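S.K.: The chain contents come next:
Protein chains: 2
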Amino acid sequence: MGNIEIVGLVAATLTTSAFVPQVYKAFKNKSTKDVSLTMYTVFLAGTILWLIYGINIQSLSVILANGITSLLAILMLMLKIKYK
Amino acid sequence: MGNIEIVGLVAATLTTSAFVPQVYKAFKNKSTKDVSLTMYTVFLAGTILWLIYGINIQSLSVILANGITSLLAILMLMLKIKYK
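Going down the list, the sequences are from chains A and B. In terms of my numbering, the first sequence is residues 113 to 196. In terms of my numbering, the second sequence is residues 113 to 196.
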């Protein structure tokens, strides 16, 4: 695997795992007032399309990154709706 | 341009523009208590790596999407620090 593919994998890991501290903060504080519902709705639509794109081009990293990010975005939406 | 490339472009547009409503909400309400500083720090590191990746593989859509997302993430970090 070339160096640049490693950069891509690290980038995917960072932009995916970045959502974990946000989900944790919302869950711990039971407060999401400042979090934008529109953001996570639009973002989820995007990650689902990326998932379709990744399946089509048969790219495991695009599939994995956007599969996990979609789950995290769904979790955030649930927390946002529950703790308006 | 094949259909799947259009899906990729729409996905990139959605996952990039999704941050605009969050930046607007933080700016309008002058409140970011529920927004995770860790998320936007880790996310920014990821988008910068995606930018490097995009430049290396000479992909305009990866460069554009992650260039704009990096700017939005920097804006969110500034708003988060300003309106703790």
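Be aware that a few hints might be false.
If chains are identical, the list can't say which one is meant, so a pair holds when it fits in one copy or spans any two.
[Claimed, not checked] Calculated pairs, BS3-like style, for lysine-lysine (alpha carbon to alpha carbon, straight line, at most 25 Å): (1) K137 / K196; (2) K192 / K137; (3) K196 / K145; (4) K140 / K194; (5) K196 / K142.
Simulated from the structure, these hints should not be mistaken for laboratory data. Just so you know, these numbers come straight off a predicted model, no measurement behind them.
S.K.: How do K140 and K194 come out at 25 Å by Cα distance, when the copy is not named: within, between, both, or neither?
M.R.: both (13 Å within a copy, 23 Å between copies)
S.K.: Classify it for me, K196 with K145: is the Cα-Cα distance of at most 25 Å met within a copy, between copies, both or neither?
M.R.: Both: 6 Å inside a chain and 14 Å across chains, each within 25 Å.
S.K.: If the cutoff is 25 Å on CA atoms, where do K192 and K137 land: within, between, both or neither? Let me know, please.
M.R.: both (12 Å within a copy, 14 Å between copies)
S.K.: Using 25 Å as the alpha carbon limit, work out where K196 and K142 are close: within a copy, between copies, both or neither.
M.R.: For K196 and K142, both the intra-copy (9 Å) and inter-copy (17 Å) Cα distances are at most 25 Å.
S.K.: Could you figure out if K137 and K196 sit no more than 25 Å apart (CA to CA) within one copy, between two copies, both or neither?
M.R.: both (14 Å within a copy, 14 Å between copies)
In summary, the structure agrees with every hint in the numbered list given earlier.
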